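Visitor: Chains as they are written, first to last, in the numbering used here: chain A, 1 to 435; chain B, 1 to 443.
Calculated directly from the structure, the hints in this document are not laboratory data.
Remember, predicted model here, so these are calculated numbers, not experimental data.
Hints are not guaranteed to be accurate.
In silico DSS-like links for lysine-lysine, alpha-carbon gap of 27 angstroms or less [said to hold, decoys possible]:
1) B:208 / A:55
2) A:159 / A:321
3) A:5 / B:186
4) A:5 / A:55
5) A:87 / A:76
6) B:316 / B:209
7) A:321 / A:289
8) B:384 / A:76
9) B:186 / B:252
10) A:357 / B:186
11) B:104 / A:357
12) A:90 / B:384
13) A:55 / B:381
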Amino acid sequence: MQSNKTYTSTRNSCKLCAPLGASLVFKGIEGCVPLIHGSQGCATYIRRYMISHYKEPVDIASSNFSEESTVFGGSKNFITGIENIIKQYKPKVIGIASTCLSETIGEDIPGHIRHYKESHETDGTLIPTFINASTPSYCGSHADGFHNTVLATVKTLAKNNTATDAITILPGLVTPADIRYLKELMADFGLKLILFPDFSETLDNEYTSEYQLIPTGGTPISEIERMGDTRAVIEFGSMFNKGTQRMKDAGNTQTAGEWLETTHYVPNNQMPMPIGIEASDRLMETLKKLSGNEIPEKHRKERGRLVDSYVDAHKYVFGKKALIYGEEDFASALADWLREIGVEPLWIKGADFETLKEKAVDFKPDFVMGNSKGYYIARERKIPLIRIGFPIHDRFGASRINQIGYRGTQQLFDMVVNALIEYKQENSPIGYKYI
Amino acid sequence: MAHILDDRQKQVSMAGANERTIDCNKASLAGSVSQRACVFCGSRVVLYPIVDALHIIHGPIGCAAYTWDIRGSLSSGPELHRLSYCTDLQERDVIFGGEPKLYKSIIELIDLHKPKAAFIYTTCIVGVIGDDVEQICRTVAKEKGIPIIPVQAPGFQGSKKDGYKVACEAIFTLVGTKSKPFTPAKSINILGDFNLAGELWILLEYYKKMGVHVNATITGDGRVDDICNAHNAALNVVQCSGSMNYLAKMMKDEYNIPSMRVSYFGIEDMSDALYDVARFFKDDDMMAKARELVKEEFARLMPELTWYKERLTGKKAAIYVGGAFKAISLVKALRLIGVESVIVGSQTGTTEDYELIKQLCDEGTIIVDDSNPVELSHFVKEKKADIFIGGVKERPIAHKIGLGFCDHNHERKEPLAGYEGMINFAKEIYATAMSPVWKFTKG
């Protein structure tokens, strides 16, 4: 039955909390250990959630708030936490995310950091770089936490020192495979790249045989420092959760790319996440301009093959309907792509899964596309779920899904077409061998 | 041991008579990257399997999102427990109070689902912003005529273990509130089995064969009405004692129901669990049936287990699980298939548990409380473990070092309890120890 009733409660949430987004960004900095300033559970839940998706170690420290810290302030636990992280991990960077608890009691994290630095100034302790992001979970979602942390990191580190001909890419919440693709693409264009956050290795590492306390990889802080000197910024996204959930400065928050443009005069090329031919063309055009080179043949051919497959398979997808969800920048790019291939998407910004399930009754989607949490809707409706994005907790290889550029679009397109063919084949009494 | 933080040195010991007693039962050290969660988590995992109650989390979204459908606790009926409901507090709620939102949320969800009861979990900031959750629960209970139970679980108010206590208190508010027309004399409550992968159902079958009536299962495949009637059972049989001893104690004090501690892992402990119940009821027929059951299962299992033992002898295992009592069963179960436990640790063990482990294990076995990735990765290297038995967060530690891994936690899909479970356990240990993939990780 179709229900137009609205609910006060959130029922099977699509979004996650802001400190998770922050942790992802911190995992994309070389030599960084994230510290969540709050209760022990925040760190542990987020670790568990990320481990189940990335199948990699995810060490996140907690300041482990107690009753005492909640009443009298968390500075003691904060300092102990920092000291123990340094003893165990010897990190170059400690990335600190606040929580609903530490924000509500008004913790002065910059003050704690100052205090720690002052007390260790003269004792020879190797003091790491501190990055502090404000990520209370009552403000937006993990996507907000992600963007806020990218901005906080860039603001903390970027300088104006020497000119560099590198290009900054701020890809947002993409997959490790996407990050590797962007590196390859830039190299093929002959462009130098500073990409942040780069968790392509820290969260998708090779077999190491030793437990790397801090996994290799990540954007080096020396590179983030140079972002203010780069020639241009490419920033994927169209919404960026620009502080819409914040009461203070609602809608006025800058993105990291915008900040680099206004503060360091680095031209910002903001564009939707490149999913689909049109969106990827826009990226390629930008890279052409920035490099002065034509699209490398490898990538031109990838586009050509993608067009060819669009043609070959257009009938399987045309007129189909898809229920989609995900982080705003990702889901909106996905919706645009689905329209590009003749699929009608239904994406309800901010909706929870139960609302989507109810909306699906009238919409009658042919398939569901998004992270693995929508599985129960697909299962109930007996339609395929095409798993992409974050998190994917019930399949392997989430990190290896390439979902941007011509190459990534090709992968997504093949997934969609094959899911629809499989559905048709499985649900036909004939048992077709050719479809 | 340099890789152990100074403040944690006393939480690590070795098996052997002269080794020091482990310091445990304390808050995790800030910055240590403990594998533990929080008070909220402790309460949530215990209450989660009550399948015909609503579980509503009052707070910002994270706590609800990360615990949605988190445990493989199966239900034979309703599945309300698999839904994640949250008031999803926003900044304005934090400033002006979340009470109106909570009230509306409970009412609308009761109207939607007609549950038997509702558990309202408070998270970190709820106490801080001063919402009077108990008052709202009382109001709604009066309006809707079902128990609305506040679960005061701010994460910072202790450790996961304190959350178990909060859950026991919540359950205890239900116990004794209703009596069923008839509860057989020889009836037990099963405490501390959460019906992961349907394990509870295996146990029910055993007790049924023995002629024991199972009254309430707390909380696996749990029902509100059964819990309300739990005071009419003759005995509480407690597994996962870390989480459920407190409830058993309260029921002893209030209703004079005795309890016994059991474990369903491994054939030794499983068999004891059946014998002890028969002994309690002083019922020869029940004991005879228990013996027959155990004999049959032994005859079926031993040839298979011997086959595994021949192939697994000499392998070394590291155990790091939530409760220490489970760890003890695992040590015994592993021994049965020839596997030696070289590291035994838990998140929430007690002094008595650890002392028992010290006696049970071979000298030199590392025993650890509230460990972390840095320590665990060092320990398994030092002890040259082949297999790691733990939960989701331990899996990548094992795999990155090239160790086999067996999930003995919430997410398991194969039952590991009971006789059936022992075979599954042996199969899983064998599969991970013998996989040909390890040839690529050596050298």
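Visitor: Give a verdict on every hint.
Guide: Now the hints, each set against the structure:
1. B:208 / A:55: Violated - the C-alpha atoms of residue 55 (chain A) and residue 208 (chain B) are around 41 angstroms apart, more than 27 angstroms.
2. A:159 / A:321: violated, 47 angstroms
3. A:5 / B:186: violated, 49 angstroms
4. A:5 / A:55: Violated, at roughly 39 angstroms.
5. A:87 / A:76: Distance of about 17 angstroms is within 27 angstroms: holds.
6. B:316 / B:209: Not OK: residue 316 (chain B) and residue 209 (chain B) at ~36 angstroms, beyond 27 angstroms, violated.
7. A:321 / A:289: violated, 37 angstroms
8. B:384 / A:76: violated, 38 angstroms
9. B:186 / B:252: holds, 17 angstroms
10. A:357 / B:186: Roughly 46 angstroms separates the two Cα atoms, so the pair is violated.
11. B:104 / A:357: holds, 21 angstroms
12. A:90 / B:384: Holds - the C-alpha atoms of residue 384 (chain B) and residue 90 (chain A) are around 25 angstroms apart, at most 27 angstroms.
13. A:55 / B:381: holds, 20 angstroms
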